[in-house]
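Participant: Top to bottom, those sequences are chains F and E.
For the first sequence, counting from 1, position 274 maps to 274 in our numbering; every step adds exactly one.
Take the position in the second sequence, starting the count at 1, then add 1000; the result is the number in our numbering.
Worth flagging that the hints you see were computed from the coordinates, not collected in a lab.
Among the hints, a few may not be true.
Calculated lysine to any residue pairs in the SDA-like style (CA-CA distance at most 20 angstroms, straight line) [claimed, not checked]: (1) K409(F) - K1123(E); (2) K1123(E) - N450(F); (3) K451(F) - V496(F); (4) K1123(E) - S406(F); (5) K1123(E) - V496(F); (6) K1123(E) - A407(F); (7) K1123(E) - N436(F); (8) K1181(E) - Q454(F); (9) K451(F) - K1123(E); (10) K1181(E) - V1117(E); (11) K1123(E) - A445(F); (12) K1123(E) - Q454(F); (13) K444(F) - R1224(E); (14) K409(F) - R1224(E); (15) K409(F) - I1116(E); (16) K444(F) - R1254(E); (17) K409(F) - R1254(E); (18) K409(F) - S1201(E); (19) K409(F) - K1181(E); (20) K1123(E) - D441(F); (21) K444(F) - F1121(E).
Reference excerpt, derived from the structure (chain F facing chain E, CB under 10 angstroms, subset only) [said to hold, decoys possible]: (22) Y283; (23) N391; (24) A395; (25) I399; (26) P403; (27) E418.
From the three backbone atoms N, C-alpha and C, an ideal C-beta is built for every residue, glycine too.
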Amino acid sequence: MKLWKRFFGLALCIALMVSLAACGSPSEEGGASPDASPEESQTPPDAASVSGSEVELLNVGCIYEFDVESPYCDLIKYLSYDSFMYANLVRYDANNEVVPCLCERYEIAEDGTAVTFYFKDGIRWHDGEPLTMEDIEFSLNLWLNVLKPSVALRYMKDVEVLDETSIRVNMQSSCAYVFLRHMIMSSAGCVIYPKHIWEGVEDLKSFTGKEAMIGCGPYVYESYDSEAKIAYFNRFEDYHEGAPSVKRIAFHLYESPESVVMAYKNREIDCMFQYAAGLAGVYVPALQGLDGLDIGEEVNLGSPILEFNFKDTLTQDLELRKAVYSALDYELLAAANGGEYCVPGGRGVISPGNIGYAEDLPANCQDVEEAKRLLDAAGYTDQNGDGFRENRDGAEMRIMVSPAYSASKGTLYQRLAEVVVRDLQNVGLNAYLDENVSNSDAWKARFSQNKDFQIAITSCSQGVAIIDTVNQGLVEKAGSDGTLTWNGTNDTPEYVEIFSKIIDSKNPEEYAAAADESQRYLAEEMVAISLGVESMFYPYNIADYTDWSFRSGNGAFSYDTWFTLKIK
Amino acid sequence: MKGKWRKRVWPLAVLLLTAVFAGQLAPWDPWEMTVPFLRPCWAHPLGTNDVGQDILSELLYGARTSLLVGVAAALVTTAFGSFFGACAAWFGGWADRCATVLINMALAVPSLPLVIVLSVFLKRSVWNLILCICLTSWAGTARVVRARAMQLREMGFLRSCRTMGCGSLYTITRHLLPNLKELIFTKGILSVASAILTETSISYLGLGPLTSKSWGTILNDAFRAGGILNGYWWWYLPPAACISLTVFCFLSLRDGREKKG
């Protein structure tokens, strides 16, 4: 009897594993799953009924929390980057260039130390009250004096109301243009507040509810269904740029990208919103068979990078950095990063698609012999015959490779670090994985406070890449008055000067030229190395809707889409 | 009975040999990076992962980590838990009351979350993982051993020991614990299975050792690289099967021992 029980137990285990296997969709071309022929099982999204050419309800998937009814809500914070419910003074257009949003136009002072915003009459809050310059002044002063985000502290000096339709923001230095780029994606809570509601509020974070959700963006908060985890928003009929063509938007909140993929398969959502983080290439096979869905490929404007510590005597050496550059297997790094949807990055770190990207620089390419030659020529040779090179003075040389700690991407960084360690060992460099960074505090201490890493495997986020280029994370200080501190370790005067040109650029042309120059410097001096240029995917419904608009790197759920989308 | 016992032991013996001779059995160095995302083929019977490492070789080396963690953690927790429980029962009085409070407190804390928290704050190595598991899983054995030792303490042979003036340590180690060996063995076997599951869970969560292969790490890699959604069964099914079968083998060993006893 016992024997039978055991057989039964074993059979049950096998059955469970087989069911697990069945959960994964077949990867063969086309597949034979029901998903391959969605028209058979597909029921039209019940809420996507039509009224003329306007969209009644757009279902959007995302991986955020709707934790609180206030500007500090996780979902609202990221939607604010696109001026969804709380409108920004300016926003990014399709190519991530700054264009007016709440303001009608803006003017940057010739010396770049001030920016003046001009507004139309008749702009209203969601509760019907008119927007005034006092609202803008009140909000920006909240940023400066209460919220104290790095953007305000780094750039802003004070705010002056000029008249009933214009306001001037004075800067700490001549960085007005980059301030505009930066303020669009500022910290949580940094929105334009209605003064008549928030004036008496002492603790901004604890003030929640419908009143706290009043903004002047194109969408008005309706409700949040906590059981179904869906947040509903209606269009603002009195929006100053006209009412959007999408009447209602429902954000379906999920826990993971896998859940979003399943939602696409079940036709629960029409598109997705995820700031700077679309679906990774590994999910594409699961989505490709779905009819009526464009997988929405976008190039990630940021990228994983290998960063050298310029405070470390070994990695300060340009010859060593160049040898590391030649030693790496970029094809494998790209495969580990995004499978077939990632390609080796280019010299100069900056990814294609960014403003000022220098197209003529070559793609990264492994050359092991060149790496060995550079190391030999620089005097890093194996003197004791243990297979690893020693320092020039004969002392033992070890290179620590530290993968960044990240809840979402930590495993990827570890993977990339494994490849880097292997490649460095292949050219005789005694590299090893840093095992001491197992939480965010340890990483922060290693990377930002003590700066005791040698090689870090981290990334330049898409936001940083858009705002003021990857250099922000590599340079130590910059800016015309030299007071602006940044996140990196490199304080080489030449590099500081180049980044200062980016920060002090007065217009898009100057910014693009400075970005181009910085990329050439990065390529020459090997301050950091791009570990791949990956595609991200923001699938969108082309069966039912047409006239989607896109923002580079952020997919189809864009500010413009809310006004252009139509029923097919 | 001996034949049945052998039947239960040989799968574990095979596993142990696999772990010991992983270096000889594995067709590739599990750290060697070749062509990524290969399907099963002659060169790579279970294909390759996202950085081109041979999954079969990873699996064989993974047995080493799982068994090392499972057996080492079980040895320590069983030895400490048994001794602690036996001492508590033998000395009785305030010592027993203190020990009981300590055991109850340790049992009240959910062990897996605690191991996760500890793993986050320690250097990521196999020995630290073993330490975390030991710190969180000794109490079950201690409680069971204490309860049984309380019964034995009143038995004649132990009373005689006490009357003859035998020392406490001598009595506990020479008379009390040897009479609990069946119970301790059973708890030990359970601890191995439990430690293996904990190790794979921690590694699956991406908190395992960075420099050793583990079945949990293989599952984590497969999950992260879309292996499950895209149906790469050769990637995630073998480690899942290995974990299940290993735990099953240990549990069946315990059942056999109980029956034999």
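Participant: Check each numbered hint from earlier against the structure, then list the numbers of those it violates in ascending order.
Facilitator: 5, 8, 10, 13, 16, 17, 19, 23, 24, 25
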